Amino acid sequence: MRALVIDDSRAMRRIVSSALEGFGYETRQAGHGREALDVLQEGYAPDLCTIDWNMPVMDGLQFVSAVRANPAWRALTLMMVTSESEQGQIVRALAAGAHEYVIKPFTADALRDKLALLGMLPEEAVL
Amino acid sequence: MTLAPDVAGRLAIPSLIDEATVEAIAGEAWIALVGEDEVLVPLPGDLPEDTLSAWVDVVGPWTGSVVLTTGRQTAAELTRALLAEAAPELLDHEDVADAFGEIANVVGGNVKAALPGPSTLGLPEVGPAPAVRNPEDVCRIEVLWRGQPLVVSVQGALPSLPVPHDQHQHPHQNGASQ
Amino acid sequence: MTLTTTSFDWVRQLVHRESAIVLAPGKEYLVEARLLPIARSMGLPDVGQLVDSVRTRPSPESTRRIVEALTTNETSWFRDGDPFTALTSTVLPSLLSGRGPAERLQIWSAACSSGQEPYTIAMLLEDAMPNASTRVAITATDLSREMVERTRAGRFSQLEVNRGLPAAMLVRHFTRAGTEWQVSPSLRRMVTASECNLAAPLPRMGPFDVVYLRNVLIYFDLPTKQAILRRVRALMRPDGWLFLGAAETTLGVDDSWERVVIGRSSAYRPLKGN
Numbered sequence: 001m002r003a004l005v006i007d008d009s010r011a012m013r014r015i016v017s018s019a020l021e022g023f024g025y026e027t028r029q030a031g032h033g034r035e036a037l038d039v040l041q042e043g044y045a046p047d048l049c050t051i052d053w054n055m056p057v058m059d060g061l062q063f064v065s066a067v068r069a070n071p072a073w074r075a076l077t078l079m080m081v082t083s084e085s086e087q088g089q090i091v092r093a094l095a096a097g098a099h100e101y102v103i104k105p106f107t108a109d110a111l112r113d114k115l116a117l118l119g120m121l122p123e124e125a126v127l
Numbered sequence: 001m002t003l004a005p006d007v008a009g010r011l012a013i014p015s016l017i018d019e020a021t022v023e024a025i026a027g028e029a030w031i032a033l034v035g036e037d038e039v040l041v042p043l044p045g046d047l048p049e050d051t052l053s054a055w056v057d058v059v060g061p062w063t064g065s066v067v068l069t070t071g072r073q074t075a076a077e078l079t080r081a082l083l084a085e086a087a088p089e090l091l092d093h094e095d096v097a098d099a100f101g102e103i104a105n106v107v108g109g110n111v112k113a114a115l116p117g118p119s120t121l122g123l124p125e126v127g128p129a130p131a132v133r134n135p136e137d138v139c140r141i142e143v144l145w146r147g148q149p150l151v152v153s154v155q156g157a158l159p160s161l162p163v164p165h166d167q168h169q170h171p172h173q174n175g176a177s178q
Numbered sequence: 001m002t003l004t005t006t007s008f009d010w011v012r013q014l015v016h017r018e019s020a021i022v023l024a025p026g027k028e029y030l031v032e033a034r035l036l037p038i039a040r041s042m043g044l045p046d047v048g049q050l051v052d053s054v055r056t057r058p059s060p061e062s063t064r065r066i067v068e069a070l071t072t073n074e075t076s077w078f079r080d081g082d083p084f085t086a087l088t089s090t091v092l093p094s095l096l097s098g099r100g101p102a103e104r105l106q107i108w109s110a111a112c113s114s115g116q117e118p119y120t121i122a123m124l125l126e127d128a129m130p131n132a133s134t135r136v137a138i139t140a141t142d143l144s145r146e147m148v149e150r151t152r153a154g155r156f157s158q159l160e161v162n163r164g165l166p167a168a169m170l171v172r173h174f175t176r177a178g179t180e181w182q183v184s185p186s187l188r189r190m191v192t193a194s195e196c197n198l199a200a201p202l203p204r205m206g207p208f209d210v211v212y213l214r215n216v217l218i219y220f221d222l223p224t225k226q227a228i229l230r231r232v233r234a235l236m237r238p239d240g241w242l243f244l245g246a247a248e249t250t251l252g253v254d255d256s257w258e259r260v261v262i263g264r265s266s267a268y269r270p271l272k273g274n
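Chains as they are written, first to last, in UniProt numbering: chain F, 1 to 127; chain E, 1 to 178; chain C, 1 to 274.
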């Protein structure tokens, strides 16, 4: 399985990517929503996007809306991974089309649990 | 603790969040991101001369910044701990600014969620700490990480309202190291 | 530091035996941090004395607490979610068709820890049936008073709600309370929590339609496992359903149960005539 890790922090991109790689994902990274859309438009077809909320150029919520507006990307699973944790914001992200929401700080176990809920753990997919 | 708003109807941070909450938020961030046995010990320490601050701004019913300040050396050590095996052999300033800024973002996002909302969160900034505008509008904790001092300061952005004493006497007053 | 090398080695061996997890040397700090709350809850001043106490007077419950504290960060909500899927897909429809509309379904979460299991059940039921709060009563028990109080409070930290709780359920059934999340009043009304020692004669409860007894039996010897299963069965309806942990079974322990496969999970039902 493939994942696109979208976060403006290089450190956070590395942390999320290395956790996902530990679960068996191949990963690519983008520093904001616009860059992530470019990666998708180039033809990279991930199964999963992990998406920070606050980023320069295009934030995570705008990215989610843009992906949901394009039927070609319907199969893409969108998971917010952000320190934004007001209840109203979680509701907004889900309403915009995000499938799951992980609040920073998180552990690798928390990411794994959420992926298990989504049926997105590669090792389980093999079974 | 007073819940009385000031003359302009603003609530100061001590009536919205307490030290124990800020400490719990920072403690959870450390355990989850830095490592499961990386505890923050609630003891004060003397910050070294050479410090680095990372902060995020919160704009909403309460407006201000959540500022983390520690020694530059400790910020680098924190970066290594955060990145673990993904850490480059040589850290440059950008690595440290990015990692320390992200920790400020995580702590700031959770402080924001514990305050009355809705509010917006700014992108992390790194540099010398923003000055304290109103000493009444600060919630500040001092902790030790691996024996090194670290300060978390939740400080209002708005200057205090005009009072008989001039509030601008201390241009170098610094939110995290005062 | 109160932990001697001997005590640390004893803890390492215990955890390895019970969970196959290896605690590397140098993790003394972690053992201290995780076990201190258990020591305190037992009225002991430090972890060294906790270890001494459990070594001289072995108790499966204390052993379970120690192993759990060292092997799990936070209890996950829907990880190993198959027994919950089975509840809504199979067990609930079957029970509802066999019970009158005025009959209240009784569900028992028999080692509820900090409350994730009973509230998971309550959320699923509230989402599955409009009148769940009047049709279902959930009894949550644990040996530890602290865990019972946590279950009653229904407040969970950010790290706890991050563990396998679907975001849609979080925003539907919880509200933020400072840095924590509070379970909704309607779910709390469905759950009654009390202290209960499974290894001793049980209080009058039930009869239960469904029992969740997960990851408890593994800590007991065979005669105690048999005694617990016998006591649990006495509190169950004849057509009830028992869920055990993924690594647990009644097979070879107590032959008065019938194993039923539901999806990827198994339930156990009392055999008639026993």
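Source of the hints: derived by calculation from the structure; they are not laboratory data. Wrong hints could be hidden among the right ones.
Said to hold, decoys possible - From the structure, some residues in chain F lie toward chain E, with a derived Cβ separation under 8 Å:
#, residue
1, Arg2
2, Gly88
3, Thr107
Nothing here was measured: the structure is a model prediction, and the numbers come from that model. All C-beta atoms, glycine included, are put in the ideal place defined by N, C-alpha and C.
Fill in: Hints violated by the structure (listed by number, smallest first)
1
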